[in-house]
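Q: Spelled out, the chains give:
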Amino acid sequence: MSVLALPFAIAGVLAALVPVAIHLLWRQRRRPVPWAAMRFLQQAWKRHRRRHRVEQLLLLAARALVLLLFGLALARPILGGAGGGAGGGDLWLVIDDSVTSGVRVVAGETGAASGDADTALDRARAEAVSAIDALGPGSRVGVITLARPAAAVLQPPTADLDAAKRLVERLEAKPVPADVAGAMLLAGARLSDEDGRGRPATVRLLSGLRRGTADLDAPLPRMPITTDRPVTLVASPPATTSPGNVTVVEVVPGRPVEVAGEGLGGGRVSVRLERTGDLDAARTRVELDGRFARPVAPQEVAWRSGQSEATAEFAVAFEPGLDLAVDVVARVDEDVLPAGDARATVIEVRTGLSVLLVDRRRFTSGDLERLPVSAWVERALRPVTDAPIEVRTVDPASLEPVDLVSADATIVCRPDLLDASRWSQLREHVDDGGLVVLLPPADVPVQRWTDRLSDLGLPWTVEREVRDVDPATGGLALDPEAPAPPLLAQVAAELPDLVRPVVAFRRLVIDPGPATGGTSVLPFVDGTPMLVAAAPGRAADGETATDADVADGLVVMLAVAPRLDWTNLPGKPLMVPLLQEIVRQGAGLVRTPGGVPAGERPRIAHPRSADRLVDPTGRIVALDRERRPVEPLLAVGTWTMLDAGDREVGRLAVHVEAEATRVDANPIESVRTWLAGAGPWTIAGEGGAGAEGTERAAGSGAGTIARWLLVAVLVLLVLETIMARRFSHAAPVRTAAQATRAGRRPPVRATLEERGPDGMALGGAGAAPAGRGRRRA
Amino acid sequence: MAERNDNDVAADAVRPGDPDAAQAVRAESYLAPETLAQLSPFELRAKMIVEGVMSGLHRSPYQGMAVEFAEYRQYAPGDDLRHLDYKVWGRSDKLYVKRYQQETNLDVVLMVDASSSMRFGSLDVKRGWGGTASSGDAGRWTKFDHAVALAVAVSYVCLDRQDRVGMVVFDDEIRAILSRSAARSQWRKIVEMLRTHAVDRPTDFAKTVEQTLGKIGNRALFVVLSDLFEDPETIRTALARFRHRGHDVVLMQILDRSELRFDLDEVAPFEGLEGEGRLRIDPRALRDGYLEALQAHVDAIGRIATGFGFDHHVVDSHASVGPPLAHLLARRAAFAKRSGRG
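Top to bottom, those sequences are chains R and P.
All residue numbers for the first sequence refer to our numbering, where the first residue is 1 and numbers rise by one.
All residue numbers for the second sequence refer to our numbering, where the first residue is 1 and numbers rise by one.
Bear in mind the hints are in silico, worked out from the structure with no lab data behind them.
Quick reminder that beta carbons are idealized off the backbone N, C-alpha and C, glycines included.
Wrong hints could be hidden among the right ones.
Unchecked claim - Between beta-carbon pairs, the in silico distance windows are:
(1) P:Gly309 with R:Leu25: 56 to 64 Å
(2) P:Asp172 with R:Leu25: 54 to 62 Å
(3) P:Arg278 with R:Ala61: 20 to 28 Å
(4) R:Ile722 with P:Pro77: 38 to 46 Å
(5) P:Arg278 with R:Ala712: 37 to 45 Å
(6) P:Arg278 with R:Ile722: 29 to 37 Å
(7) R:Ile722 with P:Arg303: 37 to 45 Å
(8) R:Leu714 with P:Arg278: 53 to 61 Å
(9) R:Leu25 with P:Leu213: 50 to 58 Å
(10) R:Leu714 with P:Arg303: 50 to 58 Å
(11) P:Arg303 with R:Leu25: 45 to 53 Å
(12) P:Gly309 with R:Ala61: 53 to 61 Å
What the hints assert, rightly or not - To list a few chain R residues with every Cβ distance to chain P over 12 Å, as calculated:
(13) Pro32
(14) Ala36
(15) Ala37
(16) Leu41
(17) His52
(18) Glu55
(19) Ser130
(20) Lys165
(21) Arg197
(22) Pro237
(23) Val252
(24) Glu313
(25) Ala387
(26) Gly618
(27) Pro746
(28) Thr751
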């Protein structure tokens, strides 16, 4: 920091001018000295003038430079405050306000701040305020927050230090991960701004850099510092303790969409817990809240020493007659990081589902072998008359978008009869979150319609020819050892037994392609899939879709037509759970994402009538054209979706990313190496820069300049003194002896004063009046 | 004022504690008794044979009958021992020399510089001392004051030896002339003339010499009392005129001690007294150059004077009048004796 405040600087400059003013005034008032031997003075002056001018110019330059540098050293903060190139420095505070910053600081932890600080963010705020207080006038402060996405909340840097402090003190921990990489890029860009050219800058990273904040496996990008201004990078000492913390990382309902029918609906909810930091044996109480028909008793998880993950299973029952989304919140005992102690999810409770069959009705012969596919499907979906799944059938030629929107799932039994426009409708429906199930038409030997799969953005490759299985083999069996795809997760336990009796006599050979968009398969024993499911890509034709660019909906395809001449599936126990799970689980997957991480801007595809979102505190966030919130969703909990008429049309759970809640400390050496990837960071308290060194490094990058200026002033003063003495010929020379000693010219001798005719010295009073008068100029 | 003897003059000359008395006899204030005491053993001898209008102390260029005893005079260092009267020495144990050669008197013309540069002085004086127009209000002992003191002392010595003394006061031309006279009151007239003379004009030594030589017919000893702040070539021209007319010249260059030493310390504007303008300088920085220039000037004048066979002496105006003048007289006597003219 600058050791000289503004008032002192002004006073110092004025004081330095006082002797100059006195000299000038005195110079004006000097009375002329009458001098008879002027001709000799003039001769001497003519000879001496040039040298005298050079000497005087040197002296003037030295003196002016002394005043200038002295004033500059004192007034540096003023120049800096005016936004000039030189002067005070810039301090960029990168403050961790991510979810991890809410961790309660353990007493005695390295770097723990005052007793008032009870969270890491409190400590960071206190350090930031302290650093700002240490700055001198003219210094500027900018603030970057670490919560994703990293943002420069105070830029350009301001010289209003009080305002900066107020902003810092208002910072709150956000339930989002840290974006250290983004902050590095942002800080680098800000440091390269033109308005700070020439000013020394310090970036101070105020974070404990726990594992939730700093993912040491992800290297940091190099800070794009393109300026030649002196930059100091200082990070707070990383946290050194790892307090135990339990986080609810997942609340998984048995089905995202519970079809309760008219009776008492029920299901399972799994609460997955993760423990970080201290892994000693402990117990954690888990509660589950929701609109249940019966209270759900809390459970207690007994952690063994070293155990880091656990799951609590709850059986829940929903009130009858519900046809809405139900919030379910899992909570654990409060610990050092409350943000991870609760997590919500939304379970859609429905009295029934609507399935649209796209098939062409025709009269059937009653021959079981020739029973149409749609008949088998309908029987599987409605095995009993009061089943909660309603089935409607529409002819492929009359399929309209309204039919698709009103159905929870669309099962296309005759894709070969869909024209191009209908395929486009299907594509749009899937993009908007629809569930489409494609079944091969049983009576078509060449399945040309499979060429349309690429129109849906699916990576699958399907042979047109129906491949018959050698009858001698008894049919192609399903692989009972294959893991259950997500669609069949609810029947995963029974799935091996269910698939074992199923064989296919004819089939389409499907190549599922790259596993993008959540492709899942139920394979035959030869590895080819009997069932594939994927979210189509949004990419344009010919391009490969990515995980981040997929439709909200889901496309499921069977390699066999559920008809007895293709497979024995219709007659086997797998038929009903297979189609029921495809519809129930698929509808749940496409409708309810199960929650979104805080800080995201998820696409709200379903329901299509949703117009805006309301956070748990009642704050409204509108949706943009892409049906994304106009700002990141930061409030953890359940959000309400409203349509244009302010009617609730759905709910959305927003939760904290589990990875972001890891509070265990990173090794300091690893942190140092990690930070070095971004730039020449130093850890406060080590080496050249320290926590206490923030003052020196930042506010007083300019202070360093001031000190050098003062050193230059001292050197110049010494030089000026030497020059002034040499140039002024100040040594008194009044006698010949003095002149000889000084190497100067002796006075002119009077030839009639020293000695008398006898060689003796003559003296005494003469005719001149009494006494030797005082020598006067 | 009536004629007085030497003791009367000496008694009136110095009364430091009696300003009224000093005011009443200002002319005497230039002759201190110490000065008279220091000068009394010497005679002013002309280095050259001068033409006199009356018998005196100086050897006449004209041969005559009067090579006979004239008087006794107390022995002075430098006197020819051949003229020592050993009989008197044996009787009274006192040294006397016999003077028996016919001698003529000496015409001495004092040329006093009254230009503005002579108004300079740096020696504070007691109230009542000095009293010329140059020092009246300043309270300083100026070079002009010192010139007056020297003029009075020389004239007194000469008058005491019955030489005729005249005076020319000049600046850029002759401002006043006092006819030569051997009257004892002549020195008082000198003082009266100089005391009230204005000292405020520039110098033109060559012109003044020209005018003076036009008024002096016979050969004489010219005692120039000036600071000689003139171009050396001008002085050379003037002295050549003297030499051409067969005159003897003593140049007494009167300089103030501060001019000789230039030991001033403070930066100030220096203003010339004869219209040279103003110059703001640091005297310490210019001291060497100034002294070099002054020394060169003094040396040049000395060389010129010596070249013509004239005397040149630099007189410090802060020093007493007596010792330098005694020194001058002794040197001239010794020189006259060595040249066989004494």
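Q: Checked against the structure, which of the hints given earlier come out wrong?
A: Hints 2, 4, 8, 13, 14, 15, 16, 17, 18, 27, 28 contradicted; others consistent.
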